[in-house]
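Visitor: Sequence:
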Amino acid sequence: TYSSKKDELIIGTVQRTDRNNVYINLGKSEGIMNLANQMPNEQYYPGMRLRVYLSDVKRTSKGSQIYVSRAHPMLVKRLMENEIPEIADGTVEIKAISREAGSRTKVAVCAQNEDVDAVGACVGQKGIRIQNVLNEIGSERIDVIQFSENPMVFITNAVSPAQVYDVIINEEEHMATAIVDEGQLSLAIGKDGQNVRLAARLTGWKIDIKTPEQYEAMRSGGGVSEEVSKANELFAGIDELEEENEQGPLTEENSQEREDAAE
Numbered sequence: 008t009y010s011s012k013k014d015e016l017i018i019g020t021v022q023r024t025d026r027n028n029v030y031i032n033l034g035k036s037e038g039i040m041n042l043a044n045q046m047p048n049e050q051y052y053p054g055m056r057l058r059v060y061l062s063d064v065k066r067t068s069k070g071s072q073i074y075v076s077r078a079h080p081m082l083v084k085r086l087m088e089n090e091i092p093e094i095a096d097g098t099v100e101i102k103a104i105s106r107e108a109g110s111r112t113k114v115a116v117c118a119q120n121e122d123v124d125a126v127g128a129c130v131g132q133k134g135i136r137i138q139n140v141l142n143e144i145g146s147e148r149i150d151v152i153q154f155s156e157n158p159m160v161f162i163t164n165a166v167s168p169a170q171v172y173d174v175i176i177n178e179e180e181h182m183a184t185a186i187v188d189e190g191q192l193s194l195a196i197g198k199d200g201q202n203v204r205l206a207a208r209l210t211g212w213k214i215d216i217k218t219p220e221q222y223e224a225m226r227s228g229g230g231v232s233e234e235v236s237k238a239n240e241l242f243a244g245i246d247e248l249e250e251e252n253e254q255g256p257l258t259e260e261n262s263q264e265r266e267d268a269a270e
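The sequence shown begins at 8 in my numbering and counts up by one.
Among the clues, some could well be false.
Stated by the list, open to error - Below are the EDC-like pairs computed for lysine to aspartate or glutamate, each with C-alpha atoms no more than 16 Å apart in a straight line:
| # | residue 1 | residue 2 |
| --- | --- | --- |
| 1 | Lys12 | Glu90 |
| 2 | Lys69 | Glu37 |
| 3 | Lys13 | Glu37 |
| 4 | Lys102 | Glu156 |
| 5 | Lys102 | Asp124 |
| 6 | Lys102 | Glu37 |
| 7 | Lys133 | Glu156 |
| 8 | Lys198 | Glu147 |
| 9 | Lys198 | Glu107 |
| 10 | Lys65 | Glu147 |
| 11 | Lys198 | Glu180 |
| 12 | Lys65 | Glu90 |
| 13 | Lys133 | Glu90 |
| 14 | Lys13 | Asp63 |
| 15 | Lys12 | Glu49 |
Note that these hints are calculated values from the structure, not bench results.
Can you build the whole structure from these sequences, using the hints too?
Guide: This is the structure:
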């Protein structure tokens, strides 16, 4: 039964599409991929073969209803398990994933043995391993970063490729301020705030990005300039993460709980 294949990758063929859904022939059954689970940069057509993540199986009066996804963060995790032996055998563990499907994903990894380079194992020689994953999901970018139990280190890594000068932690509000040089500001924030948004989801912390001058101005209570205000407008969406961040980063264990809550 397909319920035993829940949370796994399966291959199917697009049977038909309508305004919102893609119906996929899985052999003996049909899977439904709704709009939220489709990748925005993919066009689906009858006969197209797809590798999809089986996110849920629900029993109805007409039988089992199978739901599949191309946009779920767990799709990337399963693809990495297939391509990277160290993840498959447990030498390297994926600790958290944040994804904006079709655009960018951040993956936090760590090794059970400190002698193993977890990030290097995932990327592979000349990037070949991660490229095999990318080939499956098109033009999406994947940032593989080193996980750390130390929130300052983890946040520093998560904001990469921007170089972080310092991280100030506010435990009470579960808020972090990452200090970056002026030349790194736009890279740290990312296009439309995407880099810092994904970093916040990955770490489970609300993250603000500031230059040393902006941080000092904030601390001294000297007010915020119009330029700084405009820069901070780029953090749009971070406040919306507050509720999500209270749940912590997405992991395999809690992904289904969030799906159920969303419904």
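Visitor: Does each hint fit the structure? Answer for all of them.
Guide: Here's how the hints hold up against the structure:
1. Lys12 <-> Glu90: Not satisfied, since the Cα-Cα distance of roughly 19 Å exceeds 16 Å.
2. Lys69 <-> Glu37: holds, 13 Å
3. Lys13 <-> Glu37: holds, 14 Å
4. Lys102 <-> Glu156: Holds, at about 10 Å.
5. Lys102 <-> Asp124: holds, 15 Å
6. Lys102 <-> Glu37: Status violated; Cα separation ~32 Å.
7. Lys133 <-> Glu156: violated, 29 Å
8. Lys198 <-> Glu147: The given pair, whose Cα atoms are some 14 Å apart, holds under the 16 Å limit.
9. Lys198 <-> Glu107: holds, 13 Å
10. Lys65 <-> Glu147: Between Lys65 and Glu147 the Cα gap is close to 30 Å, so the pair fails against 16 Å, i.e. violated.
11. Lys198 <-> Glu180: violated, 26 Å
12. Lys65 <-> Glu90: violated, 30 Å
13. Lys133 <-> Glu90: holds, 15 Å
14. Lys13 <-> Asp63: Between Lys13 and Asp63 the Cα gap is close to 6 Å, so the pair holds against 16 Å.
15. Lys12 <-> Glu49: violated, 24 Å
This entry does not satisfy hints 1, 6, 7, 10, 11, 12, 15, going by the numbered hints stated previously.
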